[in-house]
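Letter by letter, the chains look like this.
There are 2 protein chains.
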Amino acid sequence: MLERIEHRACFGGWQDVYRHRSRAVDGDMRFAIYLPPQAEHQKVPVLYWLSGLTCTEQNFITKAGAQRYAAEHGLALVVCDTSPRGDNVADDAAYDLGQGAGFYVNATVSPWSQHYRMYDYVVHELPALVEQSFPVTNKRAISGHSMGGHGALTIALKNPGRYSSVSAFSPIVAPSRVPWGEKALTTYLGSDRETWRAYDATELVKLTHEKGANEKIPMLIEQGDADEFLRTQLKPELLQAAAEAAGYPLELRMRTGYDHSYYFVASFIGDHVAYHAAALRT
Amino acid sequence: MLERIEHRACFGGWQDVYRHRSRAVDGDMRFAIYLPPQAEHQKVPVLYWLSGLTCTEQNFITKAGAQRYAAEHGLALVVCDTSPRGDNVADDAAYDLGQGAGFYVNATVSPWSQHYRMYDYVVHELPALVEQSFPVTNKRAISGHSMGGHGALTIALKNPGRYSSVSAFSPIVAPSRVPWGEKALTTYLGSDRETWRAYDATELVKLTHEKGANEKIPMLIEQGDADEFLRTQLKPELLQAAAEAAGYPLELRMRTGYDHSYYFVASFIGDHVAYHAAALRT
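Same order as they appear, the protein sequences are chains A and B.
Quick note on our numbering: the first sequence kicks off at 1 and runs consecutively.
Quick note on our numbering: the second sequence kicks off at 283 and runs consecutively.
So that you can see chain A by itself, here it is in the shape it has in the complex (with noise of 0.2 Å):
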């Protein structure tokens, strides 16, 4: 059961919100979506967009400016929140783990494995319901910004076949080898470091080329070099390097005097819109 609760015209299109009972997390969640002009007339591809720490659905729809590009080139946006919510939940005073952290995983440990399962929402539950409710199509394609920009690409990259193109805004690319990751994947994984090597981007390239997997999907990631967290928490020389050594496709863009808010997202979210669109249409 979907219930609308944000309805607005923008771009030529609607700017919506709905609340829904997921069956993933075990509990209600919100996400955005943006319906361009061109799906009154006729179905349309997907870009579903991950935020990053403290952010819920709300972030990017109000600040990035995504919606004229995806009216330019007949995307819809799908944003979920970042984690499960509510009284019922478990969470942590930091603003860096529990509600609002997810980290786009499947807790194993309690008290988090019982709604921390964003892994398995944003991979099947979200698209499964948006693909029976709205006037899209099958193709899809991911993007996020920082945790975000880790789910994007932790979830492109253990399922190929489900995107055809993925981006991120100063991801956190090596989560197993930061503050932040290790802070996040020991409460909700153990401290088991085999076990984060499936959300982890960097050891996820690495396992792509030692199983000689050969569907490889490009990578396109935007980084500011103001950015106050490249050098503790993104690193995204880590991934990087595997790449390089994998033979797989990432293009690398440093913004010079970037820093790691939405004014840097904004800058080039047009550019990702259009990356992807190219992509989707093939």
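Hints listed in this document are in silico derivations from the structure and should not be mistaken for laboratory results.
Warning: the hint list may mix true and false statements.
[Said to hold, decoys possible] Among the chain B residues that face chain A by a calculated CB cut under 7 Å, a handful are:
#, residue
1, R290
2, A291
3, F293
4, Q297
5, T344
6, K345
7, G347
8, G539
9, Y540
10, D541
11, S543
12, Y545
13, S549
Note that beta-carbon positions come from the ideal geometry of N, C-alpha and C, so glycine has one too.
Got chain A; can you put chain B on it based on the hints?
Using the frame of chain A, we list chain B on its own:
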């Protein structure tokens, strides 16, 4: 003394926020300025933006997506707060009076008259400060949303020589005749309605006509027909009728399905930036 409190790369330029001591309002004020890439090498004209009830300098700069268009056209954007602020500044518990609701007037009634002098701030102090501190020319345009649309229209009508062009989104065009305006003008100016005419766009158009003034600044108004305040607080038809009677140039664009939100502003701000850029070039 200008103190820079935010500095963010954005569309090739810089989105900054400053704090300063204002003589006009006798207190600290904040404003945002977007300097487009062109400002690195030359002086650029300025589009002033006035926001609506409850807003600060943040709403427009985070939600409207105007920087992209300002960068395209080589305009600076200056966005001020909507009232004086602080513990020592008169306030009211209602969202539509006091802090966040200055209505761009010079208050004459105590205790409001001590700080609520947003008209002087916007018309005189802020442009003087901006023009002496940043690489901008003295060519100015002005726009705003809702209460800020009222501010932009009244300020431009009272100072046609100071602005090349004026536009407004969902403006309060006749504050003397709607609840928001009657409440604010009674509070800030007192019950003599004759004094309200100086802050009422519809009355100012009539006054201009009565005086036979021939300096007429073109007005562009964007209005959503699904705006929840259209019939109670905005009533653009009142200004339209006055403009027709006075032979005053007004383009009123009604937009099907759009509401009062920043999704509406974002959808059409590109047209307005282009409109002002053209006027500023002449």
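Subject >> Restraint outcome when B:T344 is required to lie within 7 Å of chain A by C-beta distance >> reply: Result: holds, 5 Å to nearest chain A Cβ.
Original post:
Can the hint on B:Q297 be confirmed by a CB-to-CB distance to chain A that is less than 7 Å?
Top reply: Since chain A brings a Cβ to about 6 Å from B:Q297, closer than 7 Å, the hint holds.
Original post:
Would the hint on B:A291 stand, with a C-beta cut-off of 7 Å toward chain A?
Top reply: holds (4 Å)
Subject >> chain A contact restraint on B:S543 - CB to CB distance below 7 Å >> reply: holds (6 Å)
Subject >> Status of the B:D541 interface restraint (C-beta, 7 Å, chain A) >> reply: With a closest approach of 6 Å, the B:D541 hint holds.
Subject >> Cut-off 7 Å, beta-carbon criterion: hint that B:Y545 touches chain A >> reply: Hint on B:Y545: holds, closest Cβ of chain A at ~4 Å, below 7 Å.
Subject >> chain A contact restraint for B:G347 - C-beta distance below 7 Å >> reply: holds (4 Å)
**OP:** May I ask you to test the interface hint for B:R290 with respect to chain A, counting a Cβ-Cβ separation under 7 Å as satisfied?
**Re:** Check passed: Cβ of B:R290 comes within 4 Å of chain A, closer than 7 Å.
Original post:
Does the CB of B:F293 sit less than 7 Å away from some CB of chain A?
Top reply: Holds, about 5 Å.
Subject >> Interface hint compliance - B:G539 to chain A, C-beta minimum distance less than 7 Å >> reply: holds (4 Å)
Original post:
Does the CB of B:S549 sit less than 7 Å away from some CB of chain A?
Top reply: With a closest approach of 5 Å, the B:S549 hint holds.
**OP:** So, B:Y540 near chain A? Judge it on the closest CB pair being under 7 Å.
**Re:** holds (4 Å)
When each numbered hint is compared with the structure, no violation occurs for any of them.
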